Amino acid sequence: MIRALNSAALGMIAQQTNIDTIANNMANINTAGFKKSRAEFQDLLYAEVQRPMQGLSTGLMVGQGTRVSGIQRILAGGGMQVTGNPYDLAIQGSGYFRVQQEDGSVAYTRDGSFHLDGEGQLVTAQGGLVLGENGPIKVPAEAKTAAVNADGGVVWSDAKNQNTEAGKVSLALFANPSGLTAAGDNLFLESAASGQAQGTAAGQQDAGRLSQGYLEASNVEAAEEMINLMQAQRAYQLNSRVIQSADEMLGMANNLRRG
Amino acid sequence: MLRGMYAAASGMLVGQKRMDVLANNLANVSTTGFKRDTTVSESFPEILLKRINDRSPDMPAGPQPVGALGMGTFISGTATRLMTGPMQQTGNPLDVAISGDGFFAVGTPQGIRYTRQGNFSQDANGTLVTADGDGVLVDGQPVSAAHGAMSINSKGEVWADGQVLGRLTVVTSRDLGALRKEGNGLWTTAGPADASTLVTPSEATGNYDLRAGYLEASNVEPITEMVEMMVIMRSFEANQRSLQMQDETLGKSANDIGRIG
Numbered sequence: 001m002i003r004a005l006n007s008a009a010l011g012m013i014a015q016q017t018n019i020d021t022i023a024n025n026m027a028n029i030n031t032a033g034f035k036k037s038r039a040e041f042q043d044l045l046y047a048e049v050q051r052p053m054q055g056l057s058t059g060l061m062v063g064q065g066t067r068v069s070g071i072q073r074i075l076a077g078g079g080m081q082v083t084g085n086p087y088d089l090a091i092q093g094s095g096y097f098r099v100q101q102e103d104g105s106v107a108y109t110r111d112g113s114f115h116l117d118g119e120g121q122l123v124t125a126q127g128g129l130v131l132g133e134n135g136p137i138k139v140p141a142e143a144k145t146a147a148v149n150a151d152g153g154v155v156w157s158d159a160k161n162q163n164t165e166a167g168k169v170s171l172a173l174f175a176n177p178s179g180l181t182a183a184g185d186n187l188f189l190e191s192a193a194s195g196q197a198q199g200t201a202a203g204q205q206d207a208g209r210l211s212q213g214y215l216e217a218s219n220v221e222a223a224e225e226m227i228n229l230m231q232a233q234r235a236y237q238l239n240s241r242v243i244q245s246a247d248e249m250l251g252m253a254n255n256l257r258r259g
Numbered sequence: 260m261l262r263g264m265y266a267a268a269s270g271m272l273v274g275q276k277r278m279d280v281l282a283n284n285l286a287n288v289s290t291t292g293f294k295r296d297t298t299v300s301e302s303f304p305e306i307l308l309k310r311i312n313d314r315s316p317d318m319p320a321g322p323q324p325v326g327a328l329g330m331g332t333f334i335s336g337t338a339t340r341l342m343t344g345p346m347q348q349t350g351n352p353l354d355v356a357i358s359g360d361g362f363f364a365v366g367t368p369q370g371i372r373y374t375r376q377g378n379f380s381q382d383a384n385g386t387l388v389t390a391d392g393d394g395v396l397v398d399g400q401p402v403s404a405a406h407g408a409m410s411i412n413s414k415g416e417v418w419a420d421g422q423v424l425g426r427l428t429v430v431t432s433r434d435l436g437a438l439r440k441e442g443n444g445l446w447t448t449a450g451p452a453d454a455s456t457l458v459t460p461s462e463a464t465g466n467y468d469l470r471a472g473y474l475e476a477s478n479v480e481p482i483t484e485m486v487e488m489m490v491i492m493r494s495f496e497a498n499q500r501s502l503q504m505q506d507e508t509l510g511k512s513a514n515d516i517g518r519i520g
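So the sequence lines, in the order shown, correspond to chains Z and S.
Per our numbering, the first sequence runs over residues 1 to 259.
Per our numbering, the second sequence runs over residues 260 to 520.
Chain Z extracted, bound-state conformation:
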């Protein structure tokens, strides 16, 4: 009976994590390059309360509830949004932009809403340097227009329409991109689960080509999340009912001896 209380409590805790995950997905429905997550559940070890009896194959195996086995990031592509901004880039594949952080370490992002900083360097919305094949990419002040090719080349032209390549945006691939550590600010960090980043040019392997003037929208779908939310809430309720019932039964057992 105490087991029933514990199992149901674990069920409620797991559903809470589920709701937390759904809430974060919903909150990021408009975040460029955001990838939704889903909570995954597993049953716990089974206790053999009673050994199999003579002539019966199974004993009494009672489970102990459930746990969240992991939160899986779903990497399906989001829709492409036209922005017309020359430095907005979308990746049409599974690559990640490489961004140099303040401490010099490299982070990875799918959010291609870039712009030029005061020195003409290509930076993210938070000001991190976007790395090309040969370090940061700098577009000089005399540039009149700039274009980013599908293969990542950043080309600017001066007043005489002379084209110069300022650098080439490079991408990173991972064996297990779902395992990247989310660091906030749309950035991901390499982790033991993700495997080492493999630098590659856009358009090579599975990295994907770049689209200038587009942003990758969040892959969260409102209807799907609402359904998940309803299911999670009902599952939470069901488990709380079990706790109530188990408690009532314990109360009845307690009241067996009256007076």
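FYI, nobody ran anything at the bench for these hints, they're computed from the structure.
This list has only true hints and no planted wrong ones.
Computed footprint of chain Z on chain S, listed as stretches where at least three residues anywhere in the stretch have a Cβ under 8 Å from a Cβ of chain Z: (1) 288 to 300; (2) 324 to 337; (3) 381 to 389; (4) 429 to 443; (5) 473 to 487; (6) 494 to 502.
A quick note: this is a predicted structure, and the numbers were derived from the prediction, not measured.
For glycine and all other residues, C-beta sits at the position ideal for the given N, C-alpha and C.
Here the structure of chain Z is known, so what remains is to put chain S in place on it, guided by the hints.
Only chain S this time, still in chain Z's reference frame:
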């Protein structure tokens, strides 16, 4: 009288155990590939009551049978219901569900285990793994693709870089009772005798079907479980009342019979 008290108490004990099993089912209402457990309760063997005293002169010699008396109930074990759960579309390239009989084979540190949880992913080495990081067996062994993402189609073929790496190993048992739950979504065979019942289901028999981009949801049905919960509650209550009644009757005979005034 006392026999009745034990029978009622055995009913309450069964109620508690059924509640434990039900709580686990409901806790796993969102667990991918979970199969609900049910309890099997049986009655204790009935005994034949015989009359030894209070004999009338015309009765034949020896004890006379009065009738059968039940001694209460007990749980003989749990049985897992293997019905396929509802199919949920996810569109993920590494999600795969089995409809019908069959289990995915998984290589764990403890040996080969079986699972219905098809929410696979790739780990840091590009190996196809379960949610707990155990290698999924493809043609009998784990597979890796260091470059490029894998995908699985509805024939169970694992693809990477435009090449087929192999087919997911799916097994079933001639005696599904031989497979038992181990927890963490894994199933195991209890002993070598049970392991020998494992077979690879052939496509010809068509007793299973793979769905790529789907997950098999838990086969726990909230309505069934809620009804079960009401039944457990009420039968527990009835047993409790019956116990109390008998206690009162005993109290009367102990305290009130023979009281004067």
